[in-house]
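Take any residue in the sequence shown, count from 1 to its spot, add 1303: that is its number in our numbering.
In case anyone wonders, no lab produced these hints; they're calculated from the structure.
Since we're looking at a predicted model, the values are computed, not measured.
A hint or two may mislead.
[Claimed, not checked] With a cut-off of at most 27 Å between alpha-carbon atoms, the simulated BS3-like pairs for lysine-lysine come out as follows: (1) K1389 x K1334; (2) K1334 x K1453; (3) K1362 x K1458; (4) K1348 x K1362; (5) K1389 x K1443; (6) K1348 x K1458; (7) K1384 x K1334; (8) K1372 x K1348; (9) K1443 x K1334.
[Said to hold, decoys possible] Distance ranges between label pairs, derived from CB positions: (10) S1358 x N1382: 15 to 21 Å; (11) Y1331 x D1391: 31 to 37 Å; (12) G1448 x V1386: 52 to 58 Å; (13) G1349 x K1373: 23 to 29 Å.
Idealized CB from N, CA, C, for every residue including glycine.
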Amino acid sequence: MDELISNLEHCLSIFEAPTVASTEHNLYFIKSSISQFVIPYLNRKGISMGMDILSLDNKYLVTSQADMKKIIEWDWTDNRKYVAEKYDCDNFAFSFKAMVDRKFGVNNVGLVIDYSAGHAYNIIVFNDGTVRLFEPQSDKWPRIGTGMYKFEEGKILI
């Protein structure tokens, strides 16, 4: 019986959310971090900023990349089934953003609506000011300007 209980506890521990730390930052930190991430890419392309940043908050609780990787490993958003026009890229991106905020109390995940690529995905600002794109359908970290991540015209909701 003890072995059964031990095995059940082990199985259930998989579902336990990781503990993550956060640092408080202001809106200026978020916007300037995103700008510093985007501007070199836009300059190389010879285009101006076509991504509007729409802020939802003035105060941001921001995690490290290491803690965000723990969240992503725990999260099951990428296991949802893609259904065109019903549960597609924007739903994946909204779901991941909302889950991170609801479950972990951090709001450093943004939603990118990329008109230039016809795609939606996430952008994440980390506590050291670095920024990365995130594809919640596959748990991948795409590079800006590649494939469906053109990042030339659209909206960033963070």
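Consistency of the hints with the structure:
For the proposed pair K1389 and K1334, the alpha carbon gap of about 31 Å is over 27 Å, so the pair is violated. With a C-alpha separation of about 19 Å, the suggested pairing of K1334 with K1453 holds against the 27 Å cut-off. A hinted pair counts as satisfied when its Cα atoms are at most 27 Å apart, and K1362 with K1458 qualifies at roughly 20 Å. This hinted pair does not check out: K1348 and K1362 have alpha carbons roughly 32 Å apart, beyond 27 Å.
Of the supplied pair hints, the one linking K1389 and K1443 holds, its CA atoms being roughly 22 Å apart against a limit of 27 Å. As the CA atoms of K1348 and K1458 are separated by approximately 19 Å, the hinted pair is consistent with the 27 Å bound. A distance of roughly 33 Å separates the Cα atoms of K1384 and K1334; the hinted pair therefore is violated under the 27 Å criterion. Of the supplied pair hints, the one linking K1372 and K1348 is violated, its CA atoms being roughly 30 Å apart against a limit of 27 Å.
A hinted pair counts as satisfied when its Cα atoms are at most 27 Å apart, and K1443 with K1334 qualifies at roughly 23 Å. Checking the proposed 15 to 21 Å range against S1358 and N1382 shows it is violated: the Cβ atoms sit about 30 Å from each other. Range check, Y1331 to D1391: Cβ separation about 33 Å, and the 31 to 37 Å hint holds. Taking 52 to 58 Å as the suggested C-beta distance range, the pair G1448 and V1386 does not conform, at roughly 28 Å.
The supplied range of 23 to 29 Å is broken by G1349 and K1373, whose beta-carbon atoms lie about 39 Å from each other.
Taken one by one, the earlier hints fail for this structure at numbers 1, 4, 7, 8, 10, 12, 13, listed in ascending order.
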